[in-house]
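A.B. asks: Protein chains in written order, with our numbering: chain A, 1 to 114; chain B, 115 to 229.
I should point out that these hints are in silico values taken from the structure, not numbers from a laboratory. Among the hints, erroneous ones may be present.
As the list claims (entries may be wrong) - Simulated DEER-style distance windows between Cβ atoms:
#, chain 1, residue 1, chain 2, residue 2, range
1, A, Asp66, B, His199, 40 to 48 Å
2, A, Glu15, B, Ala186, 23 to 31 Å
3, A, Glu15, B, Leu140, 30 to 38 Å
4, A, Glu53, B, Ala116, 22 to 30 Å
5, B, His121, A, Leu61, 28 to 36 Å
6, A, Glu17, B, Gly130, 46 to 54 Å
7, B, Lys178, A, Ala10, 21 to 29 Å
What you are looking at is a predicted structure, and each value in this text was computed from that prediction instead of being measured. Glycine is no exception: its CB is placed at the ideal position from the N, C-alpha and C atoms.
Letter by letter, the chains look like this.
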Amino acid sequence: SQQGEEDPQALSIQEGENATMNCSYKTSINNLQWYRQNSGRGLVHLILIRSNEREKHSGRLRVTLDTSKKSSSLLITASRAADTASYFCATDAKGGSTLGRLYFGRGTQLTVWP
Amino acid sequence: GAVVSQHPSWVICKSGTSVKIECRSLDFQATTMFWYRQFPKQSLMLMATSNEGSKATYEQGVEKDKFLINHASLTLSTLTVTSAHPEDSSFYICSALSTGPYEQYFGPGTRLTVT
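Extracted from the complex, chain A is given alone in its bound form (with noise of 0.2 Å):
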């Protein structure tokens, strides 16, 4: 079963506010990743944080990592209408079989009215 659970499920929000998306996960991790994807389109890379990192920042994105309490956090800052799409965690499993393997959360889709 999937690893990482987002909330909200849905946010709506009007441009220039600021959207955060949380995830939570199960089992130890080597690092979390955070992935974009716009309706019926790929997945977009936009952050990876170590397990051993807390927080970390590009552009407007800012990511929180607590692995006491096995979860993260996507803060996009000063939103903007083209970031309207869904948002994904995802999370490997530390001393897992498959190199490589993600377990993804069910995501946030996130809606930003101009």
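Please arrange chain B on chain A, whose structure you already have, making use of the hints.
C.D. replies: Chain B only, in chain A's frame:
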């Protein structure tokens, strides 16, 4: 960055026919590729892990005789949906794992519609 392509990007087929989807790593070699299926408004579900030169490893509940995977070279894996039915209609996404460093790159997906 590394690029993974999928062909076709979309396909419509009749029930009972077979459809082959290709996944290619364009500028790197991949000993491992993954095949995912995604239903509308849902997450990606791993179907199988494709290993070059050996048999694919299927996830529980995925019929290996229905979803045939062939990873014949370090840059190509194919997924064949045999005797397709409408319930097989979905978005199929592959990813390829590069070596040194290990990074995973996703293809753009293939939309399969079975009528």
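A.B. asks: Next step is simple, just say for each hint if it's right about the structure.
C.D. replies: Outcome of the hint check:
no.	hint	in the structure
1	Asp66/A / His199/B: 40 to 48 Å	44 Å, holds
2	Glu15/A / Ala186/B: 23 to 31 Å	48 Å, violated
3	Glu15/A / Leu140/B: 30 to 38 Å	36 Å, holds
4	Glu53/A / Ala116/B: 22 to 30 Å	23 Å, holds
5	His121/B / Leu61/A: 28 to 36 Å	31 Å, holds
6	Glu17/A / Gly130/B: 46 to 54 Å	50 Å, holds
7	Lys178/B / Ala10/A: 21 to 29 Å	35 Å, violated
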